[in-house]
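**Q** Those protein sequence lines, which keep their order, are chains A and B. First residue of the first sequence? That's 2 in my numbering, and the numbers climb one at a time after it. First residue of the second sequence? That's 112 in my numbering, and the numbers climb one at a time after it.
Heads up, a few of these hints could be off.
Here are the in silico distance ranges between beta carbons for each label pair [what the hints assert, rightly or not]: (1) 188/B <-> 67/A: 18 to 26 Å; (2) 14/A <-> 173/B: 23 to 31 Å; (3) 154/B <-> 11/A: 34 to 42 Å; (4) 116/A <-> 152/B: 26 to 34 Å.
If you are wondering where the hints come from, they were derived from the structure by calculation, not from laboratory data. Yeah, the Cβ is synthetic: ideal placement off N, Cα and C, and Gly gets one too.
Here's the letter readout for the chains.
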Amino acid sequence: MGDYGEKLSRSGFDVKTATDKQLVLTSKFKTFTIVASGNGNVTLLSGNYRERLEVAHGLGYVPAFAIYGKISTETEYKKVPYTPAKFDIVNPFLYCWADSTKVYMELQYGIGAPADTTANFKYYIFNNQIE
Amino acid sequence: MILFYNKKDGEIFATIDGRVHGKDQLKMYADKKDKDGKKIEVGKFIIGWIEKFDGKKTFRNEYNKDEFGLMKDFEDKKELSPLDFKIENFKLINK
Numbered sequence: 002m003g004d005y006g007e008k009l010s011r012s013g014f015d016v017k018t019a020t021d022k023q024l025v026l027t028s029k030f031k032t033f034t035i036v037a038s039g040n041g042n043v044t045l046l047s048g049n050y051r052e053r054l055e056v057a058h059g060l061g062y063v064p065a066f067a068i069y070g071k072i073s074t075e076t077e078y079k080k081v082p083y084t085p086a087k088f089d090i091v092n093p094f095l096y097c098w099a100d101s102t103k104v105y106m107e108l109q110y111g112i113g114a115p116a117d118t119t120a121n122f123k124y125y126i127f128n129n130q131i132e
Numbered sequence: 112m113i114l115f116y117n118k119k120d121g122e123i124f125a126t127i128d129g130r131v132h133g134k135d136q137l138k139m140y141a142d143k144k145d146k147d148g149k150k151i152e153v154g155k156f157i158i159g160w161i162e163k164f165d166g167k168k169t170f171r172n173e174y175n176k177d178e179f180g181l182m183k184d185f186e187d188k189k190e191l192s193p194l195d196f197k198i199e200n201f202k203l204i205n206k
């Protein structure tokens with residue numbers, strides 16, 4: 002098979018002779034591509050420990066994924082999984098995982114939610130396969 | 112944009128971003144349980160286009176054009192989220 006692909010070099014470098022580090026883009030390496038992104042809400046009722054949202058991706062393999070989350074009354078998003086400081090069980094945990102059918106986003110309280118609490122999640126599911 | 116909502120109360124609880132959706136995204140769905148731990152009955156509301164390939168060419172079908180302006184607002188305005196809306200009589204209503 003002949004030489005094929007796509008390369009884009011940095012300013013000042015000849016794309017035909019540039020090294021990988023002198024390139025802005027090359028099809029030589031895999032890149033993450035997004036199959037779907039979106040938002041979701043989970044409401045944990047007062048006194049409950051965990052509640053989750055499930056997004057079925059239908060890919061048939063475990064995809065790479067990235068999740069961000071926040072408690073609805075807060076402004077900053079956290080990278081999920083997020084745990085408060087060690088032994089801090091009165092604050093919420095944001096958790097996530099994936100299998101070959103779904104991506105899961107969960108809101109947890111170690112001692113039960115003190116009041117009805119909603120978490121907002123932002124998710125990205127990639128075409129790239131973990132397993 | 113694909114919106115998933117609780118058929119019982121119209122509450123939107125999950126979304127898939129985008130304006131044009133192909134078969135991979137149309138296979139996707141979201142699940143959630145109600146306060147009694149039972150899976151809710153989920154409705155799907157599409158704003159934008161569904162892309163299909165008939166073996167020869169690709170064509171797009173338009174869905175809920177009346178809501179295109181609102182979809183653009185969801186994309187452009189950080190403070191506006193479809194999760195703050197619900198579906199009532201096949202229309203988006205701000206809660």
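**Q** Each hint: holds or not?
**A** Quick rundown of the hints versus the structure:
For the pair residue 188/B and residue 67/A, the supplied restraint of 18 to 26 Å holds, since their beta-carbon distance comes to about 23 Å. The given range of 23 to 31 Å is broken by residue 14/A and residue 173/B, whose C-beta atoms sit roughly 46 Å from each other. Between residue 154/B and residue 11/A the beta carbon distance is about 50 Å. The supplied range of 34 to 42 Å is therefore violated. For residue 116/A and residue 152/B, the Cβ-Cβ distance of about 27 Å falls inside the hinted range of 26 to 34 Å, so the restraint holds.
Of the numbered hints stated above, those contradicted by the structure are hints 2, 3, listed in ascending order.
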